[in-house]
Every structure is written in structure tokens, then in C-alpha cells.
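Student: This is what each chain is made of:
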Amino acid sequence: MLCGRAFKFGDGISTDHITPGRLAHLRSNLPELAKHVLEDAEPTFVSRVRAGDLIVAGSNFGLGSSREHAPLVIKKVGVSAVLAKSVARIFFRNAINLGLPVLLCDTDKINDGDELEIDLAAGVVKDKTNGSRLTFKKIPEVMLRILNEGGLIPYIKKYGDFRL
Amino acid sequence: MGKTLAEKILSEKSQGDAHSGAFVVAKVDLVFAQDTTGPLTVREFQTSGFKRLANPEKTVLFLDHAAPSPNQQLSADHILLRQFSRQSGCLIFDVGEGVCHQLVAESLAKPGDVIVGADSHTVTAGALGAFATGMGSSDVAVAFGLGKTWLKVPETIKVVVSGSFPEGVSAKDLALHLIGQLGADGATYKALEFGGDSVVKMSIPGRLTIASMAVEAGAKVGLFPSDEVTQDYLAEQGRSDHYQPVSPDADASYEKIINIDVSRLEPMVSQPHAVDNTALARQLKGIEIQQVFIGTCTNGRLEDLAVAATILKGKKRHPDTRLIVAPASREVLLGAIEAGYIATLLEAGAVILPPGCGACLGLHQGVLADGESCLSTANRNFKGRMGNPDAFIYLGSPATAAATAITGEITDPREVM
Ligand code: SF4
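Order-wise, the sequence lines are chains A and B.
Taking our numbering, the leading residue of the first sequence gets -18, the next gets one more, and so forth.
Taking our numbering, the leading residue of the second sequence gets 2, the next gets one more, and so forth.
It should be emphasised that the hints constitute simulated quantities derived from the structure, not laboratory data.
No experiment lies behind these values; they were computed from the predicted model shown.
A virtual CB, placed ideally from N, CA and C, is assigned to each residue, including glycine.
Keep in mind that a hint or two might mislead.
What the hints assert, rightly or not - The following label-pair restraints were derived from C-beta to C-beta distances:
#, chain 1, residue 1, chain 2, residue 2, range
1, A, Asp89, B, Asp391, 36 to 42 Å
2, B, Ser248, A, Leu11, 54 to 60 Å
3, A, Asp100, B, Pro246, 48 to 54 Å
4, A, Asp89, B, Ser254, 31 to 37 Å
5, B, Ile259, A, Glu98, 50 to 56 Å
6, A, Ala32, B, Glu256, 40 to 46 Å
What the hints assert, rightly or not - DSSO-like cross-link-like pairs, simulated, lysine-lysine; straight-line CA separation at most 30 Å:
#, chain 1, residue 1, chain 2, residue 2
7, A, Lys56, A, Lys16
8, B, Lys52, A, Lys139
9, A, Lys57, B, Lys52
10, A, Lys118, B, Lys153
11, A, Lys139, B, Lys153
12, B, Lys316, A, Lys139
13, B, Lys153, A, Lys66
14, B, Lys153, A, Lys57
15, A, Lys119, A, Lys107
16, B, Lys52, A, Lys56
17, B, Lys257, A, Lys66
18, B, Lys153, A, Lys56
Take the sequences, apply the hints, and build the full model.
Tutor: Pasting the structure below:
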């Protein structure tokens, strides 16, 4: 069960919003890079986010670059899951590879600041603030196994190979 | 049932019957990372417990994004990658060789390959008939170690291109038109497969431009069949033995078929801050531009510099508009020097950057000031992309860029040709 507050973002949040190229020199210094997460979309986000909080976005979240640093710093500041109407392919795969759940659902029903409770196994998001209940799309089995091991690197350490 | 290009290649590389929707483990023919994704890839490779690369001669590192390095942190990242190359035996293309995707096209990619790169524009090699896709550092680190990756076989959107390009209109305009039509997530998780009479006539540089932008519609790959044009391109590079014909079956099944007649296209521009926010160049007349950037994996090739030099010959850039040119590779730069394009561009007032990504991702070499606008031949105009979230990026073809450099405002190239 994941619990936290919703931080709402709009459509088309790119990896440049999350970790801009101008900060490429900080990519080997993750604590420093994390201080700028989502800076170009919402400058106050990093000062307000707490462990467990949730990013709730519109469509095509994480479009653009393959930089895994984007989900990495989102996870590093304590975000426990990303909810979106849709998500870009590489970002989706990268987030799961880092053990960060990405859940696809109709995020219009969630407001900024709402308290959410997520049951990953049941596939349900409960909005405790407005009482609504959303179901999210099933994560493909192969990705779920990677997520359950905490990411691709722990998964490969354990199994030594892919198991479809 | 027949197979699409994606299904054919993935069937071959997973030694199975790969139909869209299936999950496969595919052999990887080439795997690479660049200098902003490579350090994390190397660290993840090391923490995974891999002792050696699966195929050192098919594992490549490119120092292209920060080339040469603008600061000490990126210099340290470069050292890490050079050391890893020495220890592991992987290939490395150091500062000055050029943009990873151009080098992959020039000397590494083969039709029928599966290529995985820690860079979203890895799709560029689809122009040669390779199933080439971008992934993050973890996936690439595992491909370094295992020589394979898992993939979901994508559904395919077929794009049938017919007609001849009118003067002043090129592959870039087709790419922008298509993305405007599909939307920035219109092909998410899918393969784009190009075919039709115009594709048969299209040069490899044109195909590379289109394939590189497939990801801007969210696509996993942008695939072209390999044909005589591909064969000639490989032969010119002394790689005739790398050629094999790859084409879809006539009875392949597609999710959707889009027909585009390029003879009806006009010069296109993407407006800030989204690639699918397209308009005709002539509709944007009057928008002042402070910097023009010609280069990148999308449009930094010899043919692109030729177009720009032809338009700029004997002319000067507008006094309020900087003109920055970054050839995509050393070979492109040498060719452009030999053909006289570099002299023409310098005489027109251009700054020539070393081969590499240059100003494309906002690290250095052309960062915009607050409120400034740039017309770039790159593939992305996201907020902050060129180093400043308070600047504006418009995307267009090399011809549109050159015309804009002359007038200082967004200009349909047919006006100055
Ligand atoms: S030229 Fe631009 S888009 Fe291409 S690889 Fe370099 S940074 Fe990426």
C-alpha cells in the first residue's frame, strides 16, 4: 500500500522539464541533480515534496530523452509512484527498471494536494480527499517481475538472465 | 499471416515467430551509450556483477554531447568512459568524431540488426533497416553484459509516401508534417514503417532524418526497408558485405496506414514548446529569430550543409541573427571543407562548431538568453532544451534555417531561392 499527497502536473512533461540538459554536468552527482527535479515545470516542487508523495500527470509524461536520471531523481526525492494518463515508452521502461511504479489511469479525477492510497496488487487508487476510486491499467507481467525485484539490476543479479 | 519489418527482424533475432503483442528476448547486434548516459550505464554494468562485455567489438561509447567538455564534471565523466573502454575492450569514439547516431549510420549499423542505445534518437539507424531503439542506462548495461534484451513486438503504423518533393521541401518537412498529424504520442509503443514510391527514391540522409524523428511521435522504431539505395550507401563506406535486403511481407498486417503525397507539402516549422505544434513556415513570417542552428543527428549531414551553403552563397546572415553550424561527424566536416561549403558558410557569417551535438541539448556552444528565439534543424524544441527554459525553439529544415539566417525572421526558403 502506497500513501501520499498528489502533486499535479499537466500534459507533455518532458525529460527536459525533469532533468534539463543544462544540468548534464550533475549527472554523476545525483544528490545535487535531485535538488533540481522538475524545476522547469514547477520550481517549488522539490522544496515541498515529501517521502511517499505521488506525481499525478496528464498524458505523455516523460517524453523525450532516454536519460534514466529522470526517474532516478524522481525516486530519489521520495516519490513513491507516478500516475499518468499515458507515459512515454522509454520513461515507462526506465522507471520500472529502477523499481518506481508507473500507473496508468484517468488522472483528471485527482486534484492537486489530494491524499491518495494505492493498492498495487489490486490495481486501485483511492482518493481519500474526494472519495473517488480509480483502477489503473495492468503492468505487463515481464515488467511486474522486474518491479517486484526492485528494478532491473537487482533482477539480473538474482536471475542472471531474462525470464519472460 | 505476413510480417511487418519489425516482426520480421524480431523473429529472426529471437529465433521464433514474433507477432505484434508478443514478448521476446532478442539478440542485440550493437549496443551503445554516449557521454551523458554512459557513466550511469557503466556504473550499473559494474553493480550488476558482470565481469565482461558479451561482445566488446559490438559495444560502443561515444563522447559527443559534451565535445569538447565544457566543465570539470563532464571531463571526469569522459575519463570514466575512456577507462571503461580500456578495461573492457569496447570501442570508443572520442571527442571530435561526431554524433553517435551519425557514426552508427556511417560505420556500424546493418540492415536486419537489433540495435539498442542509451539515447532516444537511436531510432535513426532504422533508416538502414535496423530495428534500433533507445533505452535507459539499466537496459543498456544489461545488454552490455548479456548481449540481448527483452522487447514487446510493436504494432506497426505504415506510412506510404508518394510523389516528388517540390523545390525547397525536404525529408525534414515530411517528418514535421507527419508528427503534426500523429501528435507527440500518436505512435507511442508502436513501430513506424515507411514505404511507397518516394521512399524508394529517397537518399539515406533523407531516411536518417525521418527515422531520427520517429521518437518524436513516441515510436519505438522508425523503419525503412533496405534496398539498392541502402546497398549503394554501404558500398560507398566500404561495407558492401553488411548489406542484406530486408522488407515487409506484402500481406503484413498494419494497425493503420497513412498516405502522404509529398508533392503537396510545404516547408514546415514546429513552434515552441512541442514538436507536434506545427505550422507552415510562411504562416510564421515576421517572428524574429536571434539564433539559427544547423546540425544534429537529424540534419547535420553533408547534404544538409550543401542545402544551407547553396542558399547562403554570396549572402550574409542578418546582423541580429547568429548562425551556428555543427557538422554531424568528422567525415561530414571533411566533406564540407572539400566541397567548399564550410568556406561559404563562414563567409556568410557562420560559427562552425566541432562535430558533435553542439548546441542541441543546451550544454554549451549556443545557449540561448532569456526571451531569445532559435530556429534549429534539430528534432526537439522542448522548454529548456537549448539551456534556457525562458527561450523559444522553432524546428525546421536546413533550407528554412538558411533562409531564416538571411532575413532574421522565420522565412519560407522558397522566398530566397
Ligand atoms: S544531436 Fe541532439 S538529438 Fe542528436 S544525439 Fe545529440 S543531443 Fe541528442
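Student: For the pair supplied as a hint, Lys153/B and Lys66/A, confirm whether the alpha-carbon distance does not exceed 30 Å.
Tutor: holds, 21 Å
Student: Note whether the CB distance of Asp100/A and Pro246/B lies within 48 to 54 Å or breaks it.
Tutor: Holds - the Cβ-Cβ distance for Asp100/A and Pro246/B, about 52 Å, lies within 48 to 54 Å.
Student: Regarding the pair Lys118/A and Lys153/B, is the alpha-carbon distance no greater than 30 Å?
Tutor: holds, 17 Å
Student: With a cut-off of 30 Å on the C-alpha distance, tell me whether Lys119/A and Lys107/A pass.
Tutor: holds, 16 Å
Student: Would you check the hint for Lys52/B and Lys56/A, treating anything up to 30 Å between C-alpha atoms as holding?
Tutor: The hint holds at about 28 Å.
Student: Is Lys57/A within 30 Å of Lys52/B, Cα to Cα?
Tutor: holds, 28 Å
Student: Given the hinted pair Lys52/B and Lys139/A, is their Cα-Cα distance within 30 Å?
Tutor: holds, 15 Å
Student: Checking one constraint from the list: CA of Lys316/B to CA of Lys139/A, max 30 Å. Satisfied?
Tutor: violated, 63 Å
Student: Keeping to a limit of 30 Å between CA atoms, is the pair of Lys153/B and Lys57/A held or broken?
Tutor: holds, 28 Å
Student: That 36 to 42 Å hint for Asp89/A and Asp391/B (C-beta), does it hold up?
Tutor: violated, 29 Å
Student: Checking one constraint from the list: CA of Lys257/B to CA of Lys66/A, max 30 Å. Satisfied?
Tutor: Within the cut-off at roughly 22 Å; holds.
Student: How does the Cβ-Cβ distance of Asp89/A and Ser254/B compare with 31 to 37 Å: does it lie in that range?
Tutor: holds, 34 Å
Checked against the numbered hints given earlier, the structure breaks hints 1, 2, 5, 12 and satisfies all the rest.
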